[in-house]
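Peer 1: Sequence:
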Amino acid sequence: MRNIILIVTISVFFTVNSIGQNVGDSPQTKLGFTTRINSEILNDSLNLFIHLPFNYKKDKEFPLILLLDAHTSFKAFSACTELMAYDRSIPTCIVIGFPQYKYADFDSTSIESKMDKLAKFVGEELLPYIESKYNITKKIIWGQGTEITTYLMLDKPDLFDGYIADVPDFSLISDKVDSKNAFGNLKDKNVNYYLFENISKDTYNETFLNNLKSNAPDGLNWHYNISDEPNKIIYFLNNYMHAIELFFNDAEE
Numbered sequence: 000m001r002n003i004i005l006i007v008t009i010s011v012f013f014t015v016n017s018i019g020q021n022v023g024d025s026p027q028t029k030l031g032f033t034t035r036i037n038s039e040i041l042n043d044s045l046n047l048f049i050h051l052p053f054n055y056k057k058d059k060e061f062p063l064i065l066l067l068d069a070h071t072s073f074k075a076f077s078a079c080t081e082l083m084a085y086d087r088s089i090p091t092c093i094v095i096g097f098p099q100y101k102y103a104d105f106d107s108t109s110i111e112s113k114m115d116k117l118a119k120f121v122g123e124e125l126l127p128y129i130e131s132k133y134n135i136t137k138k139i140i141w142g143q144g145t146e147i148t149t150y151l152m153l154d155k156p157d158l159f160d161g162y163i164a165d166v167p168d169f170s171l172i173s174d175k176v177d178s179k180n181a182f183g184n185l186k187d188k189n190v191n192y193y194l195f196e197n198i199s200k201d202t203y204n205e206t207f208l209n210n211l212k213s214n215a216p217d218g219l220n221w222h223y224n225i226s227d228e229p230n231k232i233i234y235f236l237n238n239y240m241h242a243i244e245l246f247f248n249d250a251e252e
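Take 0 as the starting number for the sequence shown in numbering that gives the first Met the number 0 and just add one per residue.
No wet-lab data here; the hints were simulated from the structure.
Remember, predicted model here, so these are calculated numbers, not experimental data.
No farther apart than 20 Å at their CA atoms in a straight line, the calculated lysine to any residue pairs in the SDA-like style are these:
no., residue 1, residue 2
1, Lys101, Glu124
2, Lys138, Leu47
3, Lys74, Lys231
4, Lys155, Lys179
5, Lys59, Ser131
6, Lys155, Asn180
7, Lys59, Pro127
8, Lys188, Leu211
9, Lys56, Arg87
10, Lys175, Asn210
11, Lys119, Ser38
12, Lys74, Asn237
13, Lys138, Tyr128
14, Lys188, Ser213
15, Lys231, Gly144
16, Lys113, Thr145
17, Lys119, Asp157
18, Lys57, Thr136
19, Lys186, Leu158
20, Lys113, Gly144
21, Lys175, Asn214
22, Lys137, Pro90
23, Lys138, Gly122
Whenever a hint applies, use it, and build me the whole structure from the sequences.
Peer 2: Now the structure itself:
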């Protein structure tokens with residue numbers, strides 16, 4: 000009799016426990032896989048890191064978040080994106096990491112041509128490839144310590160709906176970002192831009208901030224924040240999560 004009661008008790012326990020668990024819970028979520036694509040523009044074959052959300056279905060639509068600096072950012076940032084979506088503070092997203100380092104060895108003499116080539120790759124090869132595989136709605140790009148996202152926002156505002164510049168260094172494109180005509184390509188566009196700084200860095204971009212305040216067009220919905228957080232991992236992750244939450248809140252308004 001005792002054995003029967005024990006078996007029934009254990010059965011009930013496991014039944015209740017299984018009912019209480021959500022099949023989309025984070026321990027069951029695989030964080031990404033790698034695929035390889037060929038680029039005629041970059042004249043290279045390169046890896047993309049792709050994370051599909053826990054509720055992914057082939058015919059369902061999802062926003063896209065493109066992460067630069069993917070070798071260091073992909074796992075942590077895609078996990079944070081998944082956690083925020085699971086908490087319903089943002090919608091579930093497809094996160095794709097592009098390791099751009101090899102194609103972004105900029106200097107003052109080559110930056111325009113390198114940026115143009117990178118933008119051409121993103122617009123003519125990378126995004127069409129992603130959109131051929133997945134049903135994409137809104138598109139966001141994030142990059143830390145680089146001028147790439149801001150350059151693309153100013154030069155190619157149609158590529159993405161949101162641009163996140165996390166503690167960028169504008170030293171090589173200061174003429175472009177500080178010009179009163181910097182926002183000429185943004186006329187009649189609707190773009191979200193998020194600029195983050197840290198007071199412990201030497202790349203504080205006060206001139207560009209003043210340019211935004213004075214000359215940004217109405218269609219450029221921009222946000223700015225400066226942090227005194229000394230740990231760069233903490234402030235990069237915090238800035239990223241803050242920006243994507245702002246983006247989706249703005250999109251709902």
